[in-house]
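Could you put the whole structure together from the sequences, leaning on the hints where they help?
What follows is each chain in one-letter form.
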Amino acid sequence: MSRLCSSRFERAARKLGWMRIAGIDEAGRGALFGPVVAAAVILNPKRRIVGLDDSKKLTSERRAELAPRIRDHALAWAVAEVDAQRIDAWNIYQASRQAMTAALQGLTISPDYLLIDAMQLDVLIEQKSLIKGDARSISIAAASILAKTHRDTRMEEWDAIYPQYGLARHKGYGTPDHLEALRRHGPSPLPPTFLRSGARMLLLGCWRDANFTANVLTGEDKMAVEHSLSRRNAIGNQPGRNIVRVFSVSIAIALVSVVAVLVVAKPAIPDSATLLAATPPIGWNSWDAYGETVSEADIRANAQWMAEHLKSSGWQYVVVDSGWYVTNHSAGTNADSAQFSLDAYGRYTPAVNTIPSAAQSRSFKPLADYIHSLGLKFGIHILRGIPKEAVRRKLADRRNFLSRRGCREYV
Amino acid sequence: MPIAGTSFHAADAANTSDTCPWNPFNYGLDAGKPAAQAYYDTLAQQYAGWGVDFLKVDCIADHPYRGVRFA
Chain A
12 MSRLCSSRFE RAARKLGWMR IAGIDEAGRG ALFGPVVAAA VILNPKRRIV GLDDSKKLTS
72 ERRAELAPRI RDHALAWAVA EVDAQRIDAW NIYQASRQAM TAALQGLTIS PDYLLIDAMQ
132 LDVLIEQKSL IKGDARSISI AAASILAKTH RDTRMEEWDA IYPQYGLARH KGYGTPDHLE
192 ALRRHGPSPL PPTFLRSGAR MLLLGCWRDA NFTANVLTGE DKMAVEHSLS RRNAIGNQPG
252 RNIVRVFSVS IAIALVSVVA VLVVAKPAIP DSATLLAATP PIGWNSWDAY GETVSEADIR
312 ANAQWMAEHL KSSGWQYVVV DSGWYVTNHS AGTNADSAQF SLDAYGRYTP AVNTIPSAAQ
372 SRSFKPLADY IHSLGLKFGI HILRGIPKEA VRRKLADRRN FLSRRGCREY V
Chain B
11 MPIAGTSFHA ADAANTSDTC PWNPFNYGLD AGKPAAQAYY DTLAQQYAGW GVDFLKVDCI
71 ADHPYRGVRF A
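Residue numbers (my numbering), protein chains in the order written: chain A, 12 to 422; chain B, 11 to 81.
Some hints could be false.
Below, a list of computed lysine-lysine pairs in the DSSO-like style, where the Cα atoms sit at most 30 Å apart [stated by the list, open to error]:
id	chain 1	residue 1	chain 2	residue 2
1	B	LYS66	A	LYS376
2	B	LYS66	A	LYS139
3	A	LYS143	B	LYS43
4	A	LYS388	B	LYS66
Label-pair distances were calculated between CB atoms; the ranges are [what the hints assert, rightly or not]:
id	chain 1	residue 1	chain 2	residue 2	range
5	B	ALA58	A	VAL61	51 to 61 Å
6	B	LEU65	A	ILE172	53 to 63 Å
7	B	ALA58	A	ALA75	36 to 46 Å
8	A	ARG58	B	ALA58	51 to 61 Å
9	A	GLY302	B	GLY59	45 to 55 Å
10	B	GLY59	A	ALA100	30 to 40 Å
11	B	ALA54	A	GLU319	43 to 53 Å
Note that these hints are calculated values from the structure, not bench results.
By construction, the Cβ of each residue, glycine as well, lies at the ideal position given by its N, Cα and C atoms.
Here you go:
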């Protein structure tokens, strides 16, 4: 069998009557940083693109030449990415599949046949999985080029924000200079949506674990087998789907399905606010062990322990629960006789006898700064509503106001 | 007490008939009053200034449904 990258798989599919053949591939599966990116491309058989091949065999300059031509000549294309947080939550194999599925769903023309690089997708579309498909099928090669160039652009964007890691150079793969930069600068400035667990393990000195992770990644590639589903296409012939050409940037950013995979046709800094969280918030809440009696020293000690022992497993929130504004805890939990620390605008402020660093109107800022310095996030408990005390004091305010204006008759 | 940056007072925001069944500290806010939104806006500004990343907002989910949003 020829190993050259050609249109033989596409031609064979067309002989069987398939019309809209999408190639699908991913990039970034073996990286320590950043998203895994997948692309889906339906090439136009009437517009040949010379030089399509496995993106890894091409220079970055050649990829940069080919990518716009692919986007211009293709009948449809879409790119999807799954961020590092979700890669850690799902594992890289599932994350790659989700990215591929999302890219597929991002196509504005429904394909009726899929050529996929070493993966099967759980969709009712006729599909063929090809080992080293990016070097054998021009459709998969085109997808590999779009995925790779998209991911590289993304890494360059991150590099502009965090230049100390050399991301533009190594693109987030575990090259020696990359690992050295990680050790030297630490991971803390990097958002969790960006740094994968393999990198965190490296930083903890768990070299064997990190190598194990890398081995798993390569192993999974080998595990995939050539497979062709005989099920008929279920979504390719849906009425109402426009058979139109996708012009290069019309898709912009769209969220696909409940898995919150970001699908883009245009590079952009990821907007984490638009993504669903992969896990509930994970962290420590002061109530469970301390109730209202927690002290600032307790909070700091627990935060420090969390940073040292649990942060690497995804723990990040340090939450000060109810009672932080009560000045007389001896009154008991939720007591009517509680007294409060309030500012001049009827807002609770931390009681200085509980949070000493809050003195001189610094409130929670010093404690929050400390929690942040550990690379953790800071949370507080509040009760819905407004302090009764603030409402009660309105009368006093009004009395003072009126008396200042000489309106004693109204008091 | 005044609500920061407004001419409202705390009493303009409160719904004094709405209290938490297990905690006596607060009145609920009357979601129909602009002062209520103004008060929460000042809380959000204050918390952002402190560097708060996460809020655990209590006494929200254990009431029977009353057809209006709790505030």
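>> Please list, smallest to largest, the hint numbers that this structure does not respect.
In response: 2, 3, 6, 9, 11
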